[in-house]
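Undergrad: Chains A and B supply the protein sequences, listed in that same order. Just so it is clear: in the first sequence, position 63 is 63 by our numbering, and no numbers are missing. Just so it is clear: in the second sequence, position 12 is 329 by our numbering, and no numbers are missing.
FYI, nobody ran anything at the bench for these hints, they're computed from the structure. Heads up, the beta-carbon is just placed ideally off N, CA and C, and yes, glycines get one too. Nothing false has been slipped in among the hints.
Partial selection, computed: residues in chain B whose CB lies under 10 Å from chain A: (1) S417; (2) L420; (3) A425; (4) V433.
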Amino acid sequence: MNGAAVTVREVTKTYPDAGVLANDGIDLDVLTGEVFGLLGPNGAGKSTLVRQLVGLARPTSGRIDLLGHDIVARPAVAGHLVAYLGQDEPALLDLPVHAVVATTGRLRGQSRRAAAAQATDLVDELGLTAVADRPLARLTGGQLRHACVASALAARRPLLLLDEPTAGLDPVARREVWAAIARRRDAHGVTVVLVTHNVIEAEAVLDRVAILDRGRVIACDTPGRLKAALSDDVRLDLVWRLEPPYGDPTVAALAERAVVAGRRWTVRLPVEQARAALGRLTTGAAFASLDDFTLATPSLEDVYLALGGGDDDLERA
Amino acid sequence: MTDTSVRAPAVAAAVGGRTSWWATADAVYRLALARGRIARGPLLFVATLQSVGILVLLRGVVRHPDLATSAAVVAGGSVLVVAFVALNLLAQRFGAMRASRSLDYFAALPVPASAVVMGTAASYATFTVPGALVTAVTGAAMFGLPFGQLWLVVPAVVASGVALSGVGAALGLSLPRVELATVAGQLGMTAVLFLGLIPAGHLPLVARGLRQAVPSTYAVDVLAAGLRGSATPGGVLWRVAASLAYGAVTLAIATRAFRRAVAG
Numbered sequence: 001m002n003g004a005a006v007t008v009r010e011v012t013k014t015y016p017d018a019g020v021l022a023n024d025g026i027d028l029d030v031l032t033g034e035v036f037g038l039l040g041p042n043g044a045g046k047s048t049l050v051r052q053l054v055g056l057a058r059p060t061s062g063r064i065d066l067l068g069h070d071i072v073a074r075p076a077v078a079g080h081l082v083a084y085l086g087q088d089e090p091a092l093l094d095l096p097v098h099a100v101v102a103t104t105g106r107l108r109g110q111s112r113r114a115a116a117a118q119a120t121d122l123v124d125e126l127g128l129t130a131v132a133d134r135p136l137a138r139l140t141g142g143q144l145r146h147a148c149v150a151s152a153l154a155a156r157r158p159l160l161l162l163d164e165p166t167a168g169l170d171p172v173a174r175r176e177v178w179a180a181i182a183r184r185r186d187a188h189g190v191t192v193v194l195v196t197h198n199v200i201e202a203e204a205v206l207d208r209v210a211i212l213d214r215g216r217v218i219a220c221d222t223p224g225r226l227k228a229a230l231s232d233d234v235r236l237d238l239v240w241r242l243e244p245p246y247g248d249p250t251v252a253a254l255a256e257r258a259v260v261a262g263r264r265w266t267v268r269l270p271v272e273q274a275r276a277a278l279g280r281l282t283t284g285a286a287f288a289s290l291d292d293f294t295l296a297t298p299s300l301e302d303v304y305l306a307l308g309g310g311d312d313d314l315e316r317a
Numbered sequence: 318m319t320d321t322s323v324r325a326p327a328v329a330a331a332v333g334g335r336t337s338w339w340a341t342a343d344a345v346y347r348l349a350l351a352r353g354r355i356a357r358g359p360l361l362f363v364a365t366l367q368s369v370g371i372l373v374l375l376r377g378v379v380r381h382p383d384l385a386t387s388a389a390v391v392a393g394g395s396v397l398v399v400a401f402v403a404l405n406l407l408a409q410r411f412g413a414m415r416a417s418r419s420l421d422y423f424a425a426l427p428v429p430a431s432a433v434v435m436g437t438a439a440s441y442a443t444f445t446v447p448g449a450l451v452t453a454v455t456g457a458a459m460f461g462l463p464f465g466q467l468w469l470v471v472p473a474v475v476a477s478g479v480a481l482s483g484v485g486a487a488l489g490l491s492l493p494r495v496e497l498a499t500v501a502g503q504l505g506m507t508a509v510l511f512l513g514l515i516p517a518g519h520l521p522l523v524a525r526g527l528r529q530a531v532p533s534t535y536a537v538d539v540l541a542a543g544l545r546g547s548a549t550p551g552g553v554l555w556r557v558a559a560s561l562a563y564g565a566v567t568l569a570i571a572t573r574a575f576r577r578a579v580a581g
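Work the whole structure out from these sequences, hints included.
TA: Given below as structure tokens:
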């Protein structure tokens with residue numbers, strides 16, 4: 001069993017001026033060498049928690065330890081242990097990608113020569129060579145995020161705190177980032193805390209995940225165990241081309257259990273019932289009204305909703 | 318909430334050393350300089366044109382100015398270039414960084430806050446050297462002043478740059494909105510304009526007291542003495558020292574404001 005790289009105990013963060021309780025008694029343990037995720041919709045308190053982990057915000061109450069150091073008492077220590085990627089506007093927008101990565105390495109204590117050499121390697125590793133000499137301000141949104149990830153990885157740190165590192169990235173760039181994170185964990189035992197509201201990302205790269213909702217942790221386990229604990233239900237998604245044919249008995253039965261979003265119905269059913277319902281729909285008259293359908297095993301989004309998650313803005317792409 | 322019982326590490330991980338003050342200031346200086354090459358060229362041109370324009374205006378208005386008045390006007394105009402950049406633009410820059418929370422980038426690194434403030438301020442001050450030099454040379458030629466001690470523009474720019482950039486940084490980091498930082502920087506520049514350009518002897522008594530409180534006054538006086546051809550080593554040294562002392566205090570205030578801006 002590994003020791004805890006990050007321990008969070010009863011952390012509460014309130015913003016009295018705005019009347020916001022951003023974190024509400026959060027307890028977490030992140031093990032050394034794991035890729036740990038914070039999953040939740042916008043406004044769940046993920047970024048607030050990460051900013052406290054890196055010492056940029058102070059908890060209203062509670063305790064945070066990083067690799068045995070009390071970060072609430074000594075927030076400046078976090079800068080020595082953590083490579084942080086925030087969501088805010090980069091400070092070095094006018095500099096070219098390579099210079100940004102090298103400057104970050106330099107500011108993390110590397111010599112000028114070592115920082116420049118590592119920047120070249122990182123730019124290459126993350127597939128940014130073509131834009132290495134282009135200022136951040138002249139990159140597309142996805143390229144900018146990609147470059148910021150490269151900057152965060154400059155000069156090795158035992159802890160990586162990445163707040164939505166793949167937001168806005170195309171699928172190829174996203175996989176490059178995931179691979180870079182995995183390499184650091186596998187080769188150097190780096191611990192990674194990754195904020196996401198993307199279900200696919202959570203299921204693809206996380207060893208364990210904490211699901212946050214309205215400032216609280218509503219579940220924390222491996223993605224597989226969380227989904228297995230949900231039940232044997234599967235998810236049937238139906239997209240109607242026209243008005244659903246309510247006269248069809250199968251459609252009428254599904255309508256009673258469906259979560260409706262426009263012309264899309266989502267119905268959670270035991271696997272046998274779902275299979276039978278889909279069989280009847282695709283062979284009967286209702287099929288003419290169907291535009292699309294999918295039958296899927298539960299996702300972390302289903303876990304989130306089953307646990308009472310109140311928002312529905314998790315990404316699925 | 319967790320499914321895994323864990324133990325904290327028996328021994329806390331070793332913490333690496335903080336990046337040295339000079340390495341941080343050097344890196345921040347270089348990156349701000351690189352940024353400035355792109356963004357500040359046109360602004361510096363405007364700042365220089367503004368100062369030279371004021372000198373042309375005053376030269377046209379005053380037919381036969383005496384030596385002391387001419388030297389004060391040219392010195393004040395040269396230092397005004399520094400005020401425009403180190404006070405006005407720097408207040409805006411730090412105000413914008415605060416508003417966009419891009420200060421977090423530095424705050425999450427193991428670097429001294431004072432080196433970040435100083436490196437940024439120094440790069441802004443560096444950009445003022447050519448503009449101040451152009452203004453001083455143009456002004457000396459227009460007003461028929463001696464060129465012998467014109468090299469004093471360099472210590473005058475350094476001294477006023479340190480003193481004013483501390484004020485500019487503190488304004489940008491302290492005020493809650495970037496618009497307020499812009500207004501405050503502009504007001505500060507106006508104070509430098511009037512209290513720097515108008516010879517001390519022409520000011521009412523109250524304004525003379527205010528003049529001594531403006532951080533750049535000592536640099537203006539160094540350059541004015543040089544333009545009169547009457548600067549002495551002792552006079553230059555104590556005035557530059559006064560400017561640097563002023564700068565040390567304002568940069569300390571700016572560093573404190575940096576920490577508060579991040580924590581807020």
